[in-house]
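> The first sequence begins at 1 in full-length UniProt numbering and counts up one residue at a time.
Since the hints were made in silico from the structure, they are not lab data. Hints may be right or wrong, so weigh each one.
As a list, the in silico DSSO-like pairs of lysine-lysine whose alpha-carbon atoms are at most 30 Å apart [as the list claims (entries may be wrong)]: (1) Lys-106 x Lys-30; (2) Lys-28 x Lys-534; (3) Lys-367 x Lys-321; (4) Lys-731 x Lys-30; (5) Lys-738 x Lys-753; (6) Lys-554 x Lys-171; (7) Lys-591 x Lys-530; (8) Lys-79 x Lys-227; (9) Lys-171 x Lys-714; (10) Lys-440 x Lys-476; (11) Lys-541 x Lys-171; (12) Lys-208 x Lys-731; (13) Lys-557 x Lys-738; (14) Lys-67 x Lys-200; (15) Lys-738 x Lys-763; (16) Lys-30 x Lys-763; (17) Lys-53 x Lys-171; (18) Lys-203 x Lys-246; (19) Lys-203 x Lys-738; (20) Lys-557 x Lys-534; (21) Lys-367 x Lys-468; (22) Lys-200 x Lys-79; (23) Lys-316 x Lys-239; (24) Lys-764 x Lys-79; (25) Lys-764 x Lys-30; (26) Lys-397 x Lys-731; (27) Lys-280 x Lys-468; (28) Lys-884 x Lys-602; (29) Lys-239 x Lys-79; (30) Lys-731 x Lys-714; (31) Lys-316 x Lys-468; (32) Lys-714 x Lys-558; (33) Lys-731 x Lys-764; (34) Lys-246 x Lys-227; (35) Lys-397 x Lys-106; (36) Lys-731 x Lys-557; (37) Lys-73 x Lys-97.
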Amino acid sequence: MTTKRLVLVDGNSIAFRAFFAMHNVLDKFKTPEGLHTNAIYAFNSMLNLILNKANPTDMLVAFDAGKVTFRTKMYPQYKGDRPTTPDEFREQLPYIKELLTARGIKSYELANYEADDIIGTMATQAKQQGYEVVIVTGDHDLTQLADDRVTVALTVKGVSDLEFYTPESFKEEMDITPRQLIDLKGLMGDTSDHYPGVSKVGKITALKLLHQYGSIENLYANLGEMKPSRLKDHLIEDKDMAFLCKQLAEINCQAPVTIQLNELHYDGDQREQLIAFYRKLNFRSFLNQMDVPLDPHPAEARAKVDYQPLTVTALKELVQKQQPLSVVIEMLGADYHTEPIIGVAVGNEETILVADHDDILLDDFTKQWLADEQAVKYVFDLKCDLVTLNRYGILFKGATFDALLASYLVDVNDNTNDLGLIAQSYGYSNLLPDMEVYGKGAHVAVPPTERLQEHLANKVAALNYLQKSLPEALKKHDQDQLFDEIELPLSHVLAQMEIDGVKVDTNVLRTMQNDLSGRLAALEAAIYEKAGQKFNINSSKQLSEILFDKMGLKPLKKTKTGYSTSMEVLEKLRDQAPIVDDILNYRQVAKIQSTYVLGLLKAIAPDCRVHTRYLQTLTQTGRLSSVDPNLQNIPARDEGRDIRKAFVPQQAGWQLFSSDYSQIELRVLAHLSGDDNMQQAFREDYDIHAHTAMKIFNLHSVDEVTPNMRRKAKATNFGIVYGISDYGLAKNIGISRKEAAEFINSYFDQYPKVEEYMNEMVKKAREDGYVETIMHRRRYLPDIHARSFPVRSFAERTAMNTPIQGSAADIIKIAMINMEQQLKEQHLQARMLLQVHDELIFEAPQEEIEILAQLVPKVMDSAVTLDVPLKVESAAGRTWFEAKG
DNA sequence: CCGTTCACG
DNA sequence: ACGTACGTGAACGGA
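Kindly generate the complete structure, drawing on both the sequences and the hints.
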């Protein structure tokens with residue numbers, strides 16, 4: 001007989017995490033009666049994951065019974081200062097228990113005990129009976145139960161995945177045994193459970209003590225021998241507290257549970273009950289997984305999408321009805337500059353036409369219709385369609401709705417770019433995700449014609465559906481203007497930039513390649529000689545063996561997998577061994593060669609240009625990103641900067657021209673915060689870093705500012721934009737944390753409204769669940785409620801940074817649209833080629849450069865009106881290298 | 001397919 | 001005390 005596997009789930013912990021994992025869709029997950037269902041939904045997804053990954057024969061979900069437990073009797077403050085759970089969460093708990101019943105899973109709670117204790121008790125009983133046990137929770141405390149028969153699975157990334165802890169993996173991560181976790185918490189306390197441990201003892205000190213003494217008992221037994229110190233005083237003073245906290249941290253494995261192991265058999269769903277439950281809560285996608293319609297009456301169940309062959313005649317007839325039509329141009333891969341089209345579909349609510357080829361795009365009527373601005377179309381990924389149709393000589397016009405762009409704006413967090421998944425999240429569950437139809441990874445292939453056509457017809461139907469629901473969502477977020485006047489027009493601008501491409505001179509790159517490969521060989525030989533052996537210098541693992549094991553250098557930093565050999569570390573080891581210098585040089589040269597010289601050569605199209613793709617629906621802040629190749633990270637400093645000499649205009653007698661915003665993020669901050677001092681600095685066009693230095697170093701004039709002061713002030717300004725912490729600033733400019741904290745204090749003294757702004761953003765994120773930019777670009781921050789300090793802190797910094805970075809992104813996007821308009825109106829030959837976040841690069845005939853030098857800065861600095869002026873700096877030259885100010 | 005490293009703003 | 005700066009993409013090595 002196979003071993004029994006008991007899965008024990010910490011119900012409250014998983015439910016709570018489920019609630020916040022889908023906090024951003026709180027409004028969308030609501031029954032007509034007003035019951036929120038997001039936590040129930042996410043909890044059920046988690047159940048699917050657990051059942052799938054842990055494959056239980058027996059299962060129990062344990063819940064906390066109430067606030068009063070044996071622990072609060074021992075220590076009244078236990079879990080004392082927890083904020084009350086939101087009503088939207090509490091109302092869902094009874095339904096989660098109902099869901100469990102329908103899924104054939106027992107749930108249980110016990111007065112005076114926490115879910116942890118039920119789990120500990122059942123786990124202990126079960127392993128004595130020879131079960132394997134898996135505990136599922138979001139709470140690290142339960143890892144204390146891990147042993148050879150008990151695995152603890154912790155939720156990661158909300159509730160989307162599980163990480164399994166065995167005693168070995170626990171030991172690897174914490175370097176103590178699971179049981180020692182109790183001692184650890186006894187010493188360091190637990191802020192979220194609100195017990196203190198020993199004063200001034202944190203994780204680092206506590207771990208050190210445990211490595212030395214093993215347990216709290218043994219520590220105190222040997223305390224006499226410890227040298228006198230602050231630490232010792234605290235240990236003596238807080239002895240009772242240490243023992244009490246250890247007791248609080250220890251899970252009770254002898255709780256008086258009234259449930260028996262043999263009641264926990266898991267036998268699968270109670271199908272009828274579960275269907276009724278899903279229907280009650282409108283869980284369409286779960287029903288779909290069971291192949292059951294939302295509507296119980298088959299006659300009214302969803303109709304199969306009907307479609308006809310897409311022919312010119314059929315299209316003409318359809319178009320003459322003069323209705324908006326959804327258009328789908330399908331291809332398998334992402335690179336729409338070259339990827340072949342595998343099908344085309346067009347349609348509205350009544351008629352859908354589908355073809356499994358691109359013949360229709362060769363027809364004149366079709367071309368005319370696609371180019372007709374008056375003929376309204378709905379699409380998914382407009383920029384893709386624009387570039388693809390351009391290959392057929394078609395200037396695609398009339399698209400007023402792009403479902404991909406719209407869903408991105410509504411929630412940038414949800415970074416799926418699959419029409420099926422997006423449609424599903426808006427309640428249309430008829431369309432399969434592309435992956436299920438086309439396969440994934442190496443197995444991507446065109447399916448049989450009928451399946452393909454059905455899929456495309458479904459895409460048209462999904463687009464029709466989304467066109468009705470997404471605009472409402474945009475409106476609700478006050479994002480109409482962002483969509484209609486920024487993102488949609490920007491798609492056209494970006495498409496043109498991608499189509500035009502930028503010319504790269506292969507001769508420049510080949511010459512560099514010759515030089516670099518020679519130097520690389522020399523460095524390689526020098527490194528092997530100094531190491532006394534050959535090895536793969538590109539392997540950080542092998543390199544760390546050479547440096548730290550063989551040569552005995554001191555490792556300064558750890559990574560997940562070993563010792564770090566990053567530049568930061570190597571710079572510090574530079575003086576200790578000559579090999580380190582060679583390695584740093586090797587790394588720099590190898591990077592230039594492989595990523596830039598060879599990488600760029602590979603990306604050059606037959607027209608001698610590189611055509612990047614700007615991803616318009618990816619970043620969390622509203623910036624663009626650039627891929628295949630990435631033209632937004634071409635080296636700008638040091639030796640790598642020479643790469644820019646290969647970027648040249650497409651015609652003789654032309655030049656490259658570049659304009660960039662000066663200090664745009666700080667200017668945006670000055671505007672957003674309304675800080676008078678900072679605004680004045682920009683109005684007077686002071687050197688902002690020197691000005692900041694003067695203020696925070698308490699000087700009377702900028703003349704007293706030394707270069708070093710300016711450097712530190714500059715780093716502080718950066719830190720502020722990133723959502724400052726003393727720790728991060730200290731690390732960055734090499735000062736003590738205390739000094740950094742003083743810096744920040746005097747910074748906030750000088751720019752008081754900046755501090756107010758930072759606090760306000762965090763508060764807004766907590767209250768509204770999101771922050772937004774000047775153009776109402778929105779980012780949800782569910783982690784702002786996280787219990788874990790690092791996770792929560794990250795969300796807080798994001799809350800401070802996103803409106804700044806995102807507003808700057810809004811501004812340059814507006815400038816790009818206006819600029820393209822100006823080039824057209826003024827009949828200039830100049831073309832906009834690249835955008836690098838705060839910089840625009842053009843090419844133009846020599847005689848237009850003077851015009852650009854006037855026009856571009858004017859358009860860029862008037863893109864929006866802020867409370868401070870925007871400043872733009874420009875340069876021109878025969879290559880990108882020369883066109884850099 | 002993930003982790004490390006390093007390029008950009 | 002707890003450990004991090006914000007946002008990206010590509011190459012490479014090693015499971």
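> For each hint, tell me whether it holds in the structure or not.
Evaluation of the provided hints:
Simply put, Lys-106 and Lys-30 have alpha-carbon atoms about 26 Å apart, close enough for the 30 Å limit, and the pair holds. Taken as a hint, the Lys-28 and Lys-534 pair is broken in the structure, with Cα atoms around 60 Å apart against an allowance of 30 Å. Distance hint between Lys-367 and Lys-321 is fulfilled; the C-alpha atoms sit about 18 Å from each other, no more than 30 Å. Annotation: proposed proximity of Lys-731 to Lys-30 is violated, straight-line Cα distance about 46 Å (limit 30 Å).
With a C-alpha separation of about 23 Å, the suggested pairing of Lys-738 with Lys-753 holds against the 30 Å cut-off. For the given pair, Lys-554 sits about 24 Å from Lys-171 by alpha-carbon distance, which is consistent with the 30 Å threshold. Using a Cα cut-off of 30 Å, the hinted pair Lys-591 and Lys-530 holds, with the two alpha carbons roughly 22 Å apart. This hinted pair does not check out: Lys-79 and Lys-227 have alpha carbons roughly 35 Å apart, beyond 30 Å.
For a cut-off of 30 Å, the pair hint linking Lys-171 to Lys-714 is broken: about 42 Å separates their Cα positions. For the suggested pair Lys-440 and Lys-476, the alpha carbons sit about 36 Å apart, so the restraint of at most 30 Å is broken. Only pairs whose Cα atoms come within 30 Å are accepted, and Lys-541 paired with Lys-171 is accepted, the gap being roughly 22 Å. Of the pairs offered as hints, the one joining Lys-208 and Lys-731 holds, with about 23 Å between alpha carbons and a cut-off of 30 Å not exceeded.
Restraint check: the Cα-Cα separation between Lys-557 and Lys-738 comes to about 22 Å, which is no more than 30 Å; the hinted pair holds. The straight-line distance between the Cα atoms of Lys-67 and Lys-200 is roughly 29 Å, inside the 30 Å bound, and the hint therefore holds. Distance hint between Lys-738 and Lys-763 is fulfilled; the C-alpha atoms sit about 26 Å from each other, no more than 30 Å. A hinted pair counts as satisfied when its Cα atoms are at most 30 Å apart, and Lys-30 with Lys-763 qualifies at roughly 25 Å.
Simply put, Lys-53 and Lys-171 have alpha-carbon atoms about 23 Å apart, close enough for the 30 Å limit, and the pair holds. Annotation: proposed proximity of Lys-203 to Lys-246 holds, straight-line Cα distance about 14 Å (limit 30 Å). Distance restraint check for Lys-203 and Lys-738: the Cα-Cα separation of roughly 20 Å lies within the 30 Å cut-off, and the hinted pair is therefore satisfied. Taking the CA atoms of Lys-557 and Lys-534, the gap is near 25 Å; set against the 30 Å cutoff, the hint holds.
The straight-line distance between the Cα atoms of Lys-367 and Lys-468 is roughly 27 Å, inside the 30 Å bound, and the hint therefore holds. Of the pairs offered as hints, the one joining Lys-200 and Lys-79 holds, with about 20 Å between alpha carbons and a cut-off of 30 Å not exceeded. Simply put, Lys-316 and Lys-239 have alpha-carbon atoms about 86 Å apart, too far for the 30 Å limit, and the pair is violated. With a C-alpha separation of about 26 Å, the suggested pairing of Lys-764 with Lys-79 holds against the 30 Å cut-off.
A threshold of 30 Å between alpha carbons decides the hint, and for Lys-764 with Lys-30 the separation of about 23 Å falls inside it, so the pair holds. For a cut-off of 30 Å, the pair hint linking Lys-397 to Lys-731 is broken: about 52 Å separates their Cα positions. Between Lys-280 and Lys-468 the CA atoms are separated by roughly 24 Å; this keeps the pair inside 30 Å, and the hint holds. Distance hint between Lys-884 and Lys-602 is fulfilled; the C-alpha atoms sit about 25 Å from each other, no more than 30 Å.
This hinted pair checks out: Lys-239 and Lys-79 have alpha carbons roughly 21 Å apart, not beyond 30 Å. This hinted pair checks out: Lys-731 and Lys-714 have alpha carbons roughly 14 Å apart, not beyond 30 Å. A distance of roughly 25 Å separates the Cα atoms of Lys-316 and Lys-468; the hinted pair therefore holds under the 30 Å criterion. A C-alpha spacing of about 29 Å is found between Lys-714 and Lys-558, which places the hinted pair at or below 30 Å, so the restraint holds.
As the CA atoms of Lys-731 and Lys-764 are separated by approximately 29 Å, the hinted pair is consistent with the 30 Å bound. At most 30 Å may separate the alpha-carbon atoms for a hinted pair to count; Lys-246 and Lys-227 meet this at roughly 24 Å. Between Lys-397 and Lys-106 the CA atoms are separated by roughly 58 Å; this puts the pair beyond 30 Å, and the hint is violated. A distance of roughly 13 Å separates the Cα atoms of Lys-731 and Lys-557; the hinted pair therefore holds under the 30 Å criterion.
Only pairs whose Cα atoms come within 30 Å are accepted, and Lys-73 paired with Lys-97 is accepted, the gap being roughly 28 Å.
Hint compliance for this structure: hints 2, 4, 8, 9, 10, 23, 26 and 35 are not met, and every other hint is.
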